[in-house]
Amino acid sequence: MDVAAYATLLPEITPGNQPFWDGCAAGELRLQQCTSCGRHRFPDAPVCPQCLSSSASWEAVSGTGTIWSWCTMHQKYFAAFADEVPYQLVYVQLTEGPLVISVLADGQGEPRLDQPVRAVFRPSAAGRIVPQFVGTGEGTR
Numbered sequence: 001m002d003v004a005a006y007a008t009l010l011p012e013i014t015p016g017n018q019p020f021w022d023g024c025a026a027g028e029l030r031l032q033q034c035t036s037c038g039r040h041r042f043p044d045a046p047v048c049p050q051c052l053s054s055s056a057s058w059e060a061v062s063g064t065g066t067i068w069s070w071c072t073m074h075q076k077y078f079a080a081f082a083d084e085v086p087y088q089l090v091y092v093q094l095t096e097g098p099l100v101i102s103v104l105a106d107g108q109g110e111p112r113l114d115q116p117v118r119a120v121f122r123p124s125a126a127g128r129i130v131p132q133f134v135g136t137g138e139g140t141r
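Counted from 1, the sequence shown has number 25 at position 25 by UniProt numbering; the numbering is strictly sequential.
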């Protein structure tokens, strides 16, 4: 998937998600971590869904996980992606626990359930670095 096409589809940078995007620019996947119970969360939130604490810090995480689910996109919903179909949206369960949605990068083929993946970071046309995932091994089916 050509991330240069993301220019108009990227979320707005806010004070709440700025550390996430700063991490991407540094080649790190950063998530909020509750300083009370230790739970990682994504997306950012004002309170921990586990213990309701409002105390959190941003921490670099491994960027590894497994494919929990996926969807192969065949429809050309956005003109910018017309040459990219089919592409795979993947729901990745990070090693640290949270689920994130991204794309499987660089024509990695058909995703597999439980397939190990790792985050890679690519520049968009808007100048922002965005995370994608690449497979690192075989899954269960």
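Keep in mind that the hints were calculated from the coordinates and are not lab data.
Just so you know, these numbers come straight off a predicted model, no measurement behind them.
Don't be surprised by glycine CBs; every beta carbon is placed ideally from N, CA and C.
Don't take every hint at face value.
[Unchecked claim] Distance ranges between label pairs, derived from CB positions: (1) Pro49 - Ala79: 34 to 40 Å; (2) Ser55 - Glu110: 38 to 44 Å; (3) Asp106 - Ala82: 17 to 23 Å; (4) Val47 - Thr95: 22 to 28 Å.
Taking 34 to 40 Å as the stated bounds, is the beta-carbon spacing between proline 49 and alanine 79 within them?
Given about 37 Å between the Cβ atoms, the range holds.
At the C-beta level, are aspartate 106 and alanine 82 separated by a distance inside 17 to 23 Å?
holds, 18 Å
Return holds or violated for the Cβ distance of serine 55 and glutamate 110 against the range 38 to 44 Å.
holds, 42 Å
A range of 22 to 28 Å was offered for this pair. Does it hold for the Cβ distance of valine 47 and threonine 95?
At roughly 24 Å between Cβ atoms, threonine 95 and valine 47 fall inside 22 to 28 Å, so the hint holds.
Going through the hint list in order, the structure satisfies each hint without exception.
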